[in-house]
Amino acid sequence: MADKVLDAKGLNCPLPILKAKKAILEVPKDGTLEVLSTDPGSVADFQAFCRTTGNTMLETGENAGVYRFIIKHTA
Amino acid sequence: MSQTESNQKSMSIIVTKGTLDWAYPPFILATTAAAMGVNVSMFFTFYGLALLKKDLDLQISPLGKPDMVMPLAGMHMKMPNMIGMLPGVNAMATTMMKNLIAKKGVASIPTLREAAVESDIEMIACQMTLDLFEMKKEEMIDGIKLGGAATYMEKALASDINLYI
Chain A
1 MADKVLDAKG LNCPLPILKA KKAILEVPKD GTLEVLSTDP GSVADFQAFC RTTGNTMLET
61 GENAGVYRFI IKHTA
Chain B
76 MSQTESNQKS MSIIVTKGTL DWAYPPFILA TTAAAMGVNV SMFFTFYGLA LLKKDLDLQI
136 SPLGKPDMVM PLAGMHMKMP NMIGMLPGVN AMATTMMKNL IAKKGVASIP TLREAAVESD
196 IEMIACQMTL DLFEMKKEEM IDGIKLGGAA TYMEKALASD INLYI
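In order, the protein sequence lines correspond to chains A and B. By the numbering used here, the letter at position 41 of the first sequence is numbered 41, and the numbering carries on one by one without gaps. By the numbering used here, the letter at position 13 of the second sequence is numbered 88, and the numbering carries on one by one without gaps.
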């Protein structure tokens with residue numbers, strides 16, 4: 001179980017990233033944030049977000065049009 | 076990002092357009108950059124100043140835009156200039172655009188602007204444009220600064236990314 005879940009389904013660029021940035025600050029260091037999104041662009045964007053900010057993408061997946069990312073708060 | 080780290084990246088954007096469509100690129104890039112730890116300055120000049128007004132009344136015009144296509148009833152619609160000239164067409168196009176924005180989960184400009192303010196993005200209004208168009212700082216949102224070309228140049232010379240939109 002992630003420490004926090006962000007439901008960004010139905011939102012378009014850049015809202016999932018902006019909301020994830022806020023949400024990850026509410027997760028303790030080394031804790032995890034789970035993001036749910038329906039924006040296909042978010043797949044590349046969350047990878048870029050993690051590489052740039054120094055947070056760690058632990059897991060990515062897709063099920064029935066919903067993308068799921070598990071991000072570890074490491075930055 | 077309120078803290079200034081020595082290795083923090085920075086970006087400046089010159090914002091020159093104040094229509095509903097062209098309001099998006101600067102605010103999307105500025106807020107996303109801030110979320111990724113970039114220190115952002117936006118310099119609003121000429122029509123871009125419309126984006127700083129307390130009362131946002133952004134419009135879109137199909138006139139002279141052969142590249143503008145709007146989805147309509149499963150098709151795509153282009154507006155001939157002759158029709159774009161008619162009274163009320165800008166208002167209709169603006170309403171269509173706002174409906175699309177809401178339907179597709181795209182952030183509104185007020186939302187993105189609030190996010191920009193919340194992320195401590197520096198917003199500078201061009202003093203010369205204010206004088207030229209007889210606009211007042213009081214008509215603009217709180218927290219903005221005034222400046223000129225030299226203010227921008229100082230930012231730009233110290234920035235990793237400089238954009239003109």
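Think of the hints as simulated: they come from the structure by calculation, not from any bench. Possibly wrong hints are sitting among the right ones.
DMTMM-like mimics (lysine to aspartate or glutamate), calculated; alpha carbons at most 25 Å apart, straight line [claimed, not checked]:
1. Lys179(B) <-> Asp3(A)
2. Lys178(B) <-> Glu62(A)
3. Lys19(A) <-> Glu209(B)
4. Lys29(A) <-> Asp195(B)
5. Lys22(A) <-> Asp195(B)
6. Lys178(B) <-> Glu26(A)
7. Lys128(B) <-> Asp235(B)
8. Lys19(A) <-> Glu193(B)
9. Lys84(B) <-> Glu193(B)
10. Lys179(B) <-> Asp30(A)
11. Lys29(A) <-> Glu197(B)
12. Lys179(B) <-> Asp45(A)
13. Lys212(B) <-> Asp142(B)
14. Lys220(B) <-> Asp142(B)
15. Lys22(A) <-> Glu197(B)
16. Lys84(B) <-> Asp235(B)
17. Lys72(A) <-> Glu193(B)
18. Lys19(A) <-> Glu197(B)
So, going through the hints one by one against the coordinates:
1. Lys179(B) <-> Asp3(A): With Cα atoms ~29 Å apart, Lys179(B) and Asp3(A) exceed 25 Å; violated.
2. Lys178(B) <-> Glu62(A): Distance ~23 Å between Lys178(B) and Glu62(A) Cα, so the pair holds.
3. Lys19(A) <-> Glu209(B): Given pair Lys19(A), Glu209(B) is violated - Cα atoms ~38 Å apart, limit 25 Å.
4. Lys29(A) <-> Asp195(B): Distance ~23 Å between Lys29(A) and Asp195(B) Cα, so the pair holds.
5. Lys22(A) <-> Asp195(B): holds (14 Å)
6. Lys178(B) <-> Glu26(A): The hint is violated at about 29 Å.
7. Lys128(B) <-> Asp235(B): This hinted pair is violated, its Cα atoms lying about 28 Å apart.
8. Lys19(A) <-> Glu193(B): holds (12 Å)
9. Lys84(B) <-> Glu193(B): holds (19 Å)
10. Lys179(B) <-> Asp30(A): violated (34 Å)
11. Lys29(A) <-> Glu197(B): Status violated; Cα separation ~28 Å.
12. Lys179(B) <-> Asp45(A): Holds, because 18 Å separates the two Cα atoms, which is no more than 25 Å.
13. Lys212(B) <-> Asp142(B): violated (35 Å)
14. Lys220(B) <-> Asp142(B): violated (35 Å)
15. Lys22(A) <-> Glu197(B): holds (19 Å)
16. Lys84(B) <-> Asp235(B): holds (6 Å)
17. Lys72(A) <-> Glu193(B): holds (24 Å)
18. Lys19(A) <-> Glu197(B): holds (20 Å)
In terms of the numbered hints stated before, the structure departs from hints 1, 3, 6, 7, 10, 11, 13, 14, listed from lowest to highest.
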